[in-house]
Amino acid sequence: MITVQGLTRRFGARAAIEDLHFSLERGEVVGFLGPNGAGKSTTMRILAGYLPATSGSALVAGFDVLRQSLEVRRRIGYLPESVPLYAEHRVEEMMWFQARLHGMRRSEARTRIPAVLERAGIVDRSRAIIGGLSRGQRQRVGIAVALLPNPEVLILDEPTSGLDPLQRLEMRSLLAELGRDHTVLLSSHILPEIEAVCPRVIVLNRGKIAADGTKETLLGQLGGESRVRLEALVGPDVALALRLLKSIRGVGEIRDLGKQGIHHVFELPCREDLREDVGALAASRGWALRELTWQRPSLEQLFAKIALDMPHELPAAQPLASALAQAPTGSTAGEKLLVQLSPQPNAAPSVPAPPRTLYSLNPFDGGASRDLSKPKVVDPAPQPPREPGA
Amino acid sequence: MSGVFTIYRRELAGLFLSPLAWVLLCVALAFNGFFFSLFVSLFQGDVGEAFAFFLGGSQTFWLMIVLLPPLLTMRMFSEESRTGVLEFLLTAPVTDAAVVLGKLAAATSVMGLLWSSVLIYGLSAQALGTAPDWPPIVSGVIGATLVSAIFCAVGLAVSACTNTPLLAAFLAVLANAALLALPLVEQLVPTPPGHWFKLALGHANIVTQFHASFSSGVLDSRQFVFFGVWTGFFVFLATRILEARRWW
Numbered sequence: 000m001i002t003v004q005g006l007t008r009r010f011g012a013r014a015a016i017e018d019l020h021f022s023l024e025r026g027e028v029v030g031f032l033g034p035n036g037a038g039k040s041t042t043m044r045i046l047a048g049y050l051p052a053t054s055g056s057a058l059v060a061g062f063d064v065l066r067q068s069l070e071v072r073r074r075i076g077y078l079p080e081s082v083p084l085y086a087e088h089r090v091e092e093m094m095w096f097q098a099r100l101h102g103m104r105r106s107e108a109r110t111r112i113p114a115v116l117e118r119a120g121i122v123d124r125s126r127a128i129i130g131g132l133s134r135g136q137r138q139r140v141g142i143a144v145a146l147l148p149n150p151e152v153l154i155l156d157e158p159t160s161g162l163d164p165l166q167r168l169e170m171r172s173l174l175a176e177l178g179r180d181h182t183v184l185l186s187s188h189i190l191p192e193i194e195a196v197c198p199r200v201i202v203l204n205r206g207k208i209a210a211d212g213t214k215e216t217l218l219g220q221l222g223g224e225s226r227v228r229l230e231a232l233v234g235p236d237v238a239l240a241l242r243l244l245k246s247i248r249g250v251g252e253i254r255d256l257g258k259q260g261i262h263h264v265f266e267l268p269c270r271e272d273l274r275e276d277v278g279a280l281a282a283s284r285g286w287a288l289r290e291l292t293w294q295r296p297s298l299e300q301l302f303a304k305i306a307l308d309m310p311h312e313l314p315a316a317q318p319l320a321s322a323l324a325q326a327p328t329g330s331t332a333g334e335k336l337l338v339q340l341s342p343q344p345n346a347a348p349s350v351p352a353p354p355r356t357l358y359s360l361n362p363f364d365g366g367a368s369r370d371l372s373k374p375k376v377v378d379p380a381p382q383p384p385r386e387p388g389a
Numbered sequence: 000m001s002g003v004f005t006i007y008r009r010e011l012a013g014l015f016l017s018p019l020a021w022v023l024l025c026v027a028l029a030f031n032g033f034f035f036s037l038f039v040s041l042f043q044g045d046v047g048e049a050f051a052f053f054l055g056g057s058q059t060f061w062l063m064i065v066l067l068p069p070l071l072t073m074r075m076f077s078e079e080s081r082t083g084v085l086e087f088l089l090t091a092p093v094t095d096a097a098v099v100l101g102k103l104a105a106a107t108s109v110m111g112l113l114w115s116s117v118l119i120y121g122l123s124a125q126a127l128g129t130a131p132d133w134p135p136i137v138s139g140v141i142g143a144t145l146v147s148a149i150f151c152a153v154g155l156a157v158s159a160c161t162n163t164p165l166l167a168a169f170l171a172v173l174a175n176a177a178l179l180a181l182p183l184v185e186q187l188v189p190t191p192p193g194h195w196f197k198l199a200l201g202h203a204n205i206v207t208q209f210h211a212s213f214s215s216g217v218l219d220s221r222q223f224v225f226f227g228v229w230t231g232f233f234v235f236l237a238t239r240i241l242e243a244r245r246w247w
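Residue numbers (numbering that gives the first Met the number 0), protein chains in the order written: chain P, 0 to 389; chain S, 0 to 247.
It is possible that some hints are incorrect.
Unchecked claim - To be clear about the criterion: a stretch of chain P counts as covered by chain S if any three or more of its residues have a C-beta under 8 angstroms from a C-beta of chain S, and this derived list gives those stretches:
#	region
1	43-50
2	67-75
3	78-84
4	99-106
Hints in this document: simulated from the structure, not taken from any laboratory.
Here the structure is a predicted model, which means the values were calculated and not measured.
Even for Gly, the Cβ is constructed at its ideal location relative to N, Cα and C.
Start from the sequences and build out the full structure, keeping to the hints where you can.
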């Protein structure tokens, strides 16, 4: 539905965006994430036909945004960040204006306007003067205006900015609902919005795509490390406790945070949730637990990592699987900031995992006579094949 | 061009929903009324002479032509650019030319409404027993509206250049004055009689063209073409400026 290839836009000598490649399939909801000045709005303005690109191409619904701009504009609903509305008009007058601009028949507009206002949750203010509406209500009117022509593609630039927490929650559910009927490209620098609404995220930084994929894949590929936090009464032999914890498969270098009151605090870096294993060990050793939690990295941490440390932290990368076909041709590997999010099509089969050491509290697991304080070694369960693109 | 009428309706509504158009109309009508009564007394009750002087013959007419259109058009692009509404318009499925033409039609309509107030004076004179010569009055109103269209187009072109309405108005007044003063260039650059430059400037004289037709009650197609071409030129200029803005 949207195909962007080598999109670059310069303002004088400064490149607002540089060599962007991405595509959106029909019905996809994609979040554009990035710090202020990353190039989100510029990209959206180009897609909406407001700004021309310096180089590269962008197709929306199969039409070139520069050469077939009117065709593109007929097929998109665009809500700029400033929510541009005529303040002196009533809400329904603004809707009628939009209907006329899109050449809608009167009968069609008459039925569609109340329906769209209802959907945007602003139908009770249809006779209100726009200038007198609150920011949240204006935002809703803006979305209603964008939705009125029933566009194939919705481009929403910061639709939740300036809203209070309650309005933000309402907007979030509205956006999730819109994602069922439209292809949505949504920008925000408010991470929970993106996390809640968009299955796929494109992270922009300094005008380039820093990452593109689902949240899980982004976190996985960017080395997001989860950890189990354990606060327990392990007794005087802390070294033994450390050794036992270390014996759990999948645990990395354990951080001993020392005593907090009578409890000892450990942080166990791991890629998956090992609470059951740790809990079983604790139970088998008779450790009194105060806390056992699994802490996963958030999109926020990922975002901070990309925005602040990108040149050092991120691995030099290959183009995304989704953008393989449109991979830029003149840039060197070192310049590429994309992160490999999908398994390589021809990747070598993974090495079989070694047996796992498990602490199991199930007395019937391995025989009732098994010493529950000793670990039980089992073969790993066969791994289900990973979904392509996951 | 289907969007022209849609934009026209919106702009006209926008003008009358803001106090600007009402204030301008009010002041201009008071101004018109005062000067018309002054001219009638100056010409010792000769209503026909007063109308001729009022519609094109006096400096006040050209002063209003220079001042009023910029005040009407100053906000049309600059204010919309400042508030971001221009982004909405320029991403709507209408061409830039349609946007300019719709706004021009709205501003010209207000100017036409203003000039047609002269008809009330004519009807008043008729009601009082002195029937005026209607053809010069009607053609004068049409001509004044056509001239206003040129200056509205100049105002739009200037408004598209800046985000500050007052600056747009000021620059447009200067541009309008320069346009009216174009024939004076001939005096600055002495040329022999019959020189093409002299002829071109003579043909481009808006005041002369106005008096050649509309002041005398004649609706000549040549003058329609003349004013149409000038307006078209500035509409083209405004459209290109709008397009160029996308690159700024």
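Compare the structure with the hints numbered earlier in the document and write down the numbers of the violated ones, lowest to highest.
none
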